[in-house]
Amino acid sequence: MSGIYTYKNVLTDAPAGAASPLAGVRVVVQPNISVRGWPCDAGSKALEGFVPLQDAEVVTRLKSAGALLVGSSRMAELGFGLTGETSVRSLGEGADVAAMTDTMGEARVASATEGFFGFKPSFGLVSRFGLIGLVPSMECTGVAGRDLNSIIDIMTTIAGKDPNDPSMPDEPPVDFTSTPQGFEGPFRAGIVKESLDLLNETEAHAFKAGLARMEAIGAAIEEVSLPGYSLFRAVHNTVAAVEASSSAGKYDSVRFGHRSPQGRNWNEMYLASRGESFRLPVKAFLFQGAFFQFEDYGAFEDACRIRNRLVRETTDVLGAVDFLVFPTRRMEHDAWAAGSVRAVYESFMLTLPANVTGSPAVQVPGCAVHDGVDIGLQIMGRRRDDARLLSAASAIASSVLRG
Amino acid sequence: MKYEAVIGLEIHVQLNSATKLFCDCPNRPGDEPNRNTCPVCLWLPGNLPHLSREALEKATVACLALNCTIQPVSAFDQKVYYYPDLPKGFQLSQHHLPLSRNGWVDIAAEKGGMKRLRIHHIHMEEDVAKLVHETEGKTPISLVDFNRAGTPLIEIVSEPDIRSPYEAMEYIKALRTQLRYTGTAECSMEQGTMRVDANISIRPEGTSEFNTKVEVKNMNSIRNVGDAIAYEITRQTECLEKGEAIILHTRLWDPDKRVTTAMRGKFAGPCVPDPSVAKIRVTEDWLKRMQERLPEMPAKKAERFVTEYGLTPDEALAMSLDRDISEFFEDTAKRGLSPHKVTNWITTHLAPMLKDRNQTIEETALTAERFARLLAMLEKGVINAHGAREILLKLLESNESPEDLVEKGQFRQVSDTSELEGIIDGIIADHSADVEDFRKGNEKVVGFLMGLAMKASKGKANPKLLREMLVKRLG
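Going down the list, the protein sequences come from chains A and B. When you line the first sequence up against the numbering used here, it's residues 1 to 403, in that order. When you line the second sequence up against the numbering used here, it's residues 404 to 878, in that order.
Derived from the structure by calculation, the hints contain no laboratory data. You can trust all of the hints, since none of them are fake.
List of simulated lysine-lysine pairs, DSS-like, C-alpha gap at most 27 Å:
(1) A:Lys250 <-> B:Lys482
(2) B:Lys811 <-> B:Lys744
(3) B:Lys682 <-> A:Lys161
(4) B:Lys783 <-> B:Lys797
(5) B:Lys682 <-> A:Lys250
(6) B:Lys482 <-> B:Lys533
(7) A:Lys283 <-> B:Lys482
(8) B:Lys758 <-> B:Lys797
(9) B:Lys482 <-> A:Lys45
(10) B:Lys533 <-> A:Lys250
(11) B:Lys858 <-> B:Lys875
(12) B:Lys858 <-> B:Lys744
(13) B:Lys620 <-> B:Lys533
(14) B:Lys645 <-> B:Lys620
(15) B:Lys863 <-> B:Lys744
(16) B:Lys811 <-> B:Lys797
Can you build the whole structure from these sequences, using the hints too?
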């Protein structure tokens, strides 16, 4: 247990009333989601000793819905990838669901590896207030769980406009209450032909098995094209690195965080502290961002422009079909073992497009299986179509249970 | 060769909104250090900025007062650099899409007439924290005060239209007049609510290219801006004459030695669009409401004072430069008094008194109604100018009526001829030599004797009557 948690809740909160929607639900959070009074170091020496003064909006809502916060897990430094991440492992040991930051697919890939469900909501649906984030325009709080119902319950609680997060658009709330019963098939699902090149033979077989599951519940599968698909990775890498470089700029080791004894003046102390605090691969990622900021701003502007194009292309394709379907992970690219920026990106190739476009995406276990290997079935929907997406995932999951 | 200067000014003005730009902390940098702070303006992890509507509105009104066009879409960028007064590592500023563009102000040109100086754009930004360096003790330390962190600024960037220290100073004064009129900013260079950086380059007169410029900072008065620019023009001219190249860099004005000294290379950090602060989209309806908030501006008001009150252009200018004064003037003049007399009393008596006391009219007890009653008594001859002045001083401090003050202070003018005769008798008896002098033709003696007689009446004699009687007796 001690290997999973960085902090365990020692307070025995008054048991929530039976009427509370999340009464008895045990939630683990990553230590980059602010819980008042808990150490929240976001997995980095740069935040050593930082204790938030306020709860994140997500935490406020979970607490008031009666959820029990069991503690915080370990996580990859500043939430970049999955190196060292333990929140999904806690699902077998003491927690029912994990609130995980999904910046390039972390909640989905981690769930796929462990055989769980993982969900990344539409961008702007869940407040980022209190999230000690890295890539503001791509990250959001995702949820991993052993079953979809608990994920739906959590989403019902945490989704919705928060005045403390002005970056959330003024849109009507997404209604999760009728999910999953609200599902009305059949539906049309597209497979992006450009994505299939990423799969090896076993993965291709596993993916086919997953598609067969979908067809079995009445989905019409068709091949669609996203001509810009190969650009998702470069766009994500460029934009995310620049935003990360800005976001991590505030870690100066003065008010919290590891402070180096080196240096004869503040500037030397600052450089030494940051040098000693950040580890690979995040350090390299921050360097990339600073490079684009200071040396090649034009490349960043290009990436922003291409990002807009990719959002349009994806929206167009999702106008013709209800969902897009991808595998979740690739067997040969272990996100936990990724030690370089390149390796991290390789392990999230199939999930990061949803972060670039802000679309919702859900990982379903037990369908895309071949030779005993489950690569995960990932379904991505239109922005703000989160409830229907989760309904469809429920229908598929039920058919798996029925065998 | 003759050179001319090309000067551009970048002016930061602190808006006087109640709260900071991105949180609800009070916008009072001068309070006890670090009192007006919260997780947002301390820039702690996990917090998100939310733009203050009031600050945006004040910035917009300020832009309109400087004749700028409000842009349909503006947005905040992160100006990336690290310094201990900016521990967030970036400053939120509008680099790519500023709030407004293309403004102007008119100044009186050096050689007569008006000159229009253009404004390139105005953008909003947050101020940084304040560093206090304590070098006295055994170990020098630096303290950081976050009261100022996140307070709202506008930066006014001029076109390089300015050609002399005089024009630079007039430009700053014109901005200050306009902004103070709108009530959106205090604009005091001495208090630091207005900060001016000057970009200066020189070129052979008559040419049109822009040469390498030097930035000068740290001037804490309008005068200092003029002096620093004048110094810099001379310094650069000497450099060119010696054949030295001008290097792009920043210099600091030293107000004691009255020179500029090199500080550092000019720094330009990258500016990245901020992903969290919402874009500002201006609707026509909202913009209309902002325009309605703009008061009648000084140039327009001066014109009206000429046509409506018959003031001379100089009088109208003097009565319109300050909004409080202009409103006080109009309120007084409307009460049936001669507008010239009101102007005269405001300029020569009231304005210097306020300056001495370092107060605005609002901060004193004086009202236009009581000021008018005072001037009416003067006009009717109940009191003389000396008495009116004494009473005006009292009206600044108490709510008593001017009539009561006249009685209580015995300021009523003495027009009683027998009383005046007695005074004149005494003066003539004591100064027979001077009286002889007058009778020999030295008319200057009248003034001297008048002074003595006024003094003997404790300033209360009706001067016109006294003079008449004195001259008659001497004759």
